[in-house]
Structure formats: structure tokens, C-alpha cells
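Now for the letters of each chain:
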Amino acid sequence: MSKVLWISLREFIATVCTKAFVIGLLFLPVMLGVVIFVVNLMDDDDFRATGRIAIYDPTGRVTVEARQVLRSGSMEQRLADSVRASGGAFAGAADAMEALDLGPDFTLMQLSADADLESEKQFLLQPPESGGLLALVEVHANAIGPAVENSDFGSYDLYTAPAIDQREMAAVNLLLREAIVNLRIEAFGFDRETVDRLMRVAPGESITVTETEERDSIGGLNFILPAAFMFLLIIGIMGGGQGLMTSTIEEKSSRVVEVLLSAVSPMQLMAGKLFGYMGVSLLGMSIYLAVGLLILASFSLFGLLDSMLIVYLFIFFLIAFFTVGSFMMAIGAAVNELREAQSLMMPVTVMLMLPWFLWIPISRDPSSALSIAVSFIPPINTFGMLLRLSSTEPPPVWQVWLSIAIGVAFVYVAIWCAARVFRIGLLLTGKPPDFRTLWRWIRAG
Amino acid sequence: MEAIRLAAVTKTFGETIAVQDLSFSIPAGGLYGFIGPNGAGKTTTIRMLMSILFPDSGTLEVLGHDTALEAKDKIGYLPEERGVYKSMRVGAYLKYIARLKGVADAVIDARIDELLHRVELPDVGASPCEELSKGMRQKVQFAAAIINEPELLILDEPFSGLDPVSMRLLRDQIVKEHERGATILFSTHVMPQAEDICDHVIMMHKGRKVLDDPIREIRGQFDIGRVLVEPLEADADTSALGGIRGVEAVRLRDGQIVLELADGTDQARVMRRVAQALPVARMELSRPRLEDVFVRLVAAEADA
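Chains D and C supply the protein sequences, listed in that same order.
Heads up: the first sequence begins at 1 in our numbering, then just goes up one per residue.
Heads up: the second sequence begins at 1 in our numbering, then just goes up one per residue.
No lab work stands behind these hints, which were simulated from the structure alone.
Bear in mind the structure is a predicted one, so any value in this text is a computation, not a measurement.
Backbone N, C-alpha and C define an ideal beta-carbon position, used for all residues, glycine too.
Errors might be hidden in some of the hints.
[Unchecked claim] Ranges between beta-carbon positions, derived for each pair:
{"#": "1", "chain 1": "D", "residue 1": "439", "chain 2": "C", "residue 2": "2", "range": "55 to 63 Å"}
{"#": "2", "chain 1": "D", "residue 1": "337", "chain 2": "C", "residue 2": "249", "range": "54 to 62 Å"}
{"#": "3", "chain 1": "D", "residue 1": "444", "chain 2": "C", "residue 2": "256", "range": "51 to 59 Å"}
{"#": "4", "chain 1": "D", "residue 1": "413", "chain 2": "C", "residue 2": "295", "range": "50 to 58 Å"}
{"#": "5", "chain 1": "C", "residue 1": "39", "chain 2": "D", "residue 2": "413", "range": "33 to 41 Å"}
Produce the entire structure from the sequences given, and follow the hints as far as they go.
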């Protein structure tokens, strides 16, 4: 077996067979599980929107109608219909649904026409047990019918107590909306039930058509899938890159490196370490990918994924890993301890941050000029192209392979530069180099 | 055949000239000392020999190759700045180094066992390296350096930090490797160590070679013209010694009489006269030490 493979094997085993690796691998899914568990634990299942609401109502009808809505219990049904009709996009739907679980327990008080609203607002600052208000509502005079024909309808202003719960606020808004809409429909001589039927359009089955197949569409998938693939790519790269840097620093500071260089060339050492950590990263990424695929399969959504996407994920992973990994190794060789590496790591950190900024614009329009440009500019082209590939509008195949070719060429340049810094930096101690010194090493190496 | 050959090698680091116009050769089977004070350029030269650094100018050959990269499996190297993987077990570490040095898998385990016995650490194979003392680690590192039965063994300050017992053990192992047929280049700034082991010395000072001769020739060449006399009686009258022809000065040092001789003085005649002048318990010609030689060379260079 070649020396490079022996080095790779040692790096792989020394990393994978540690508690730190196992804990690191499990950390993310365990943390996600813990967060979901804790959120559920803290969720108040017995929550009930409760409080006194004062209504200044120049129309004289909204308060009465609101009481009727409360009594009828129609809000729950209406909200469920709204959520279905809007495909889940109804603002505050989750809060309102939670608030309506046990039915709100509001006491509505209609203020007299000459009431002083500024004085009434003071009651919002008092606790409920001392007669404090949950909310004060000022209904606009034209809330039910416009003052002038064909002009806009009025609405209402809502003043709330400082400690009001988001769910209570959603319930109050829903109550007022229901009351005002009912009154408007009545004023125009319509029937609420008829209007609801007219307004109700069941969402149609959405099919995504690609060059090769037709498949079920899922709302939000065009954002979630690219993010998931980008996450996999970044997790894989960061884990391996960080390991490469710290292990190089350790070998340098513990003086093992010169012993190794007596047996292998710096290039063999660098290649061996790169391949070793590539294996580590591939293992971690594959485990996360397998979990993701299992989740998709368990929801019968496996067909949503193009199998070529997984192949491209691994190709772009290799390109991004060798780029970032060689940079990280060069940084590790140039410094004496981890603390000194922070400033040199800044460009790499920025490079890994950029995809998060590009995720939304690329996912929203994968064929925009920005998306196309990003997928050809190294070193972020790997992220850009993967985001486009996993979007609902994949790029032409020639663009994918051009991006891969650009990535491979950049890997060659990155390794060439890193090898020069690696060879010089490994045996140097003392003041860590700045970027100008690194450039000098690259030119002199 | 020459194991090592350097011709007009120069290496600089920025403004600092680490090695200047250095030429020397070491025949196969030689046991050479590479000596000089700290900062003389020894480690830089060794790193160039190992192709860890590359010269700015000049050429070098190692075991017949232009670069040690082509002969690393035939070279054993104990660097001055040496370490081990702390969490790795000693046996695993030696096996790893053996594989990197191209030792056949079939013989590795037996070789590790033999070497651990040779350095008197037969039971540490399963211990993590971090549990070893500094001296024990150094022995393990020496074992790693010779695990491939090298044709050329380069040792950079091998005795630093060792206790006298371990130092003697390591010295014996170096001699044993030489007897096996290995060419040995052994660097130290402690000159008596080189004097004790080597049969040839290359002396460096400020990046330049100031001496390259067999120990025996150096002693003849740098004869310091001094006779040491230990009188039989502590209160013996030594006044007559100053009158012997050729004796320039008589000094007392550590209970011994030191006679400084003028250049060209017949040492045998002086020693006969001393024996006639007073009864002596012991009398010998003072042999030049490498430190003395170094001081004389550096002083001569400063004068020039």
C-alpha cells in the first residue's frame, strides 16, 4: 500500500475512532430532537384566551355581532377554512388556532359614545384582577359601510395591554374580523354561508413537470431541498476542514511533523491527510444523507428526489472539500496554535457564509443572471450550482459540467498554492505570517 | 562509494545566511560527527540532506541520489525537534513509521519487538506514547529511526535531555548500527560526545565549515604542546621544572602541574627531564580536545 494511503488510513482511524467524532456526529440530530421535545414540553396545552375587551363602537353594531360570534363558536370553523384556502399562508393562523382550542373567554364591554379613550387606555396598564383590560378597540365609523359609495371600508384600531399573549392578540383580531365581515355581508344583502361557498376553492393537485418525468410538487420544496443540500455540503466541508487544520497544528506543535517528513515528502503528507479527512467527511455526510432519505421515504416522498442530485452532491462535495481542506491545511501549517489561525481563517469563513446569503435569491430564481454567475465563480460555484440543481428549475447539463470543470481547475490551483505554504510553514515557528507573507511563500515555494 | 556529498551548498533565510558554500563528503560506512555551537548551521544542513529544505545553490547527493526523497526508505533520521502522536500506542506508532519507511508487513512486528528490547523498553508496546517519560520517548524515537535498518543514519542531537544511563545505552546502539554497516552522521553541540564516538569530525561555525578531518589527525594537527605532571609527593619542589629547555610556563591546576611548551619542543626530552627532576605518580601529554580546537579555529578566524 502506498505511503499516502497509510497516512490517510491513520488520519481516518484516528479521527473516526474518537468520542469527539461520535459526539460531533450525533450532536446535531440530538440537539434538534431536544429542541423539538423542549418546545413541546413548554407548550401550554390548556391555554385559553381570556380577558376583558372594551370596544368604542360608533356603528353600535360591531360589539353586538362580536358577542354573537363568541356565542356561536363559529370562529374555529372559519379559521380552519381560511387556513385550508390559503394553503397554510394565513398570517397568524397557528397562533389563532392554538388560541381557539378551548374557545376564547372574552368579556366584551361597549364604551359610550362620549367615552374618553385616553382615560380608558389607562386600564390596559392594570392587572386583570383589578379590572384591567386585555385590549381596547376603536372601531372606525365606516367599518361596516363606506362613508361614500365605492370608497374604502374602514377597519379598527387595537390597543393592547403590554403583557398580551400573541395567541390572545390573534384571537381578538379574528373575532373583530368575523364580526365586521358578517355585518358587511348583511349590509349588502348577502348570505354569509353563500359567500363562504363562493370564496372556497380547494387547492388543486400540483405536478412538477421536468424533462424526464412528472412528479408531485410540494409547497416550499423549492426552498427546503436546496437548503438541505447546501447544509449537507457545508457540514461535510466544515467538519473535515476544521479537522485538517487542527491535526496539522497538533503535528507541528508536537514536533511529529519532522519525523514524518523523514519518511514521506510534504506533498505525500498533505495528500494523505486530505484523503483521510475526505473519508471522515464523506462518512459524516453520508450518514446525514441516509437519515434524510429515510425521512423522505417514511413520508413516501422519495420520488421527489432526482437520483442524479445525489451524484452531483458528492462531486461538488469533493471539489469544495479539496478547495477548503487544502486552504485549512495551509493555515494549520503556517501557525503555531489554534488561536493564531483565526485571522487567516477569515476568507474561508466568508466563503462558507456566502451560500447562506445566496440561498434565497438562487432558490427563488435559479435562472437569474446572479444565479448563473455564482455557479461559475470559484470557490463558491459549488454551492451556487448545487442550489440550482436542487431547485425546481435545474440548469442545463452543460452548465453543470462547466461548473465542475471550473471547480476542478480551481482545486488544482488551491492545492498548488497550499502545498507551497504547507511545505514552508511546517518547519517554521515564531510569529505567524500575515497574508502578504503567505503570498511570498507561494511565490517562493 | 560516498553516502553523502555536498558541493558548494548555500542556504539563506531572508537576510540570514544559515549555510554558506558548504562542501563535504562522507564515505559509505563512515561514522562522522557534525559538530559546532548552536546556530552553526548543522540542523539546516541536515534538513537539506533529508530534502525537507532545499538549498538556494549548490548540489547534494544522498546514497547516490540527487534528492533524499528518492532514498527515504534507506535513511534513518532522528530530528532535533522530535515528537510522537501522544494518544497513539507505542507499538502502533512504530508500526506506522515502519510502513511509511517501506518495511515489509511480514517483518514489522518482529522488528518492533527486537528494537524495544534493544532500547530496554520491552513492555511499552501497548502503552500510549503520552504515558512515557521524556527519556523513554527518546528511545522510542531512536527505535523509529532505525526500524528500516537504514543504510544511512542521521542523528540530530540524539543525546539531548537523556540521563547518563540512557545516554550510554543510546551510544552503544549507535555503535551497533555502525557495526551493522550503516553510515552515520551524528550532530551535536556537545563536542566531547562526538570525540567519544566518531572517527571523523566536520566542524561548523556560523554556517561555514571550519574543520573536516579524522579525529586522530586533528589531535596531531592541533597538538597543543602541553605536559601534565602529577608529583608523587604533594609538597614536591617543582622549581626546577621551569628551567627545563622548551618549557615556557609552569602552572598548577587541580593538583596537577601543567607545563606549557614552546613550539617545536621535543616533548619526549622534556618528559625525561621532568622524571629526573622529581618523582612522579603520573605524567602524560595533554591531548587536544575538540573544544580547544574549536576555540583556536574561531580565534584564528577572528584575528584574520
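Original post:
Is the gap between the beta carbons of residue 413/D and residue 295/C within 50 to 58 Å?
Top reply: This hint holds: roughly 53 Å between Cβ atoms.
**OP:** Just tell me: holds or violated, for the beta carbon distance of residue 337/D and residue 249/C against 54 to 62 Å?
**Re:** Because 57 Å falls inside the window, the suggested range holds.
Original post:
Does the Cβ distance between residue 39/C and residue 413/D fall inside 33 to 41 Å?
Top reply: With Cβ atoms ~38 Å apart, the hint holds.
Subject >> residue 439/D versus residue 2/C beta-carbon gap, inside 55 to 63 Å or not >> reply: violated, 40 Å
**OP:** Determine whether the Cβ-Cβ distance between residue 444/D and residue 256/C falls within the hinted range of 51 to 59 Å.
**Re:** holds, 57 Å
In this structure, the one hint that does not hold is number 1.
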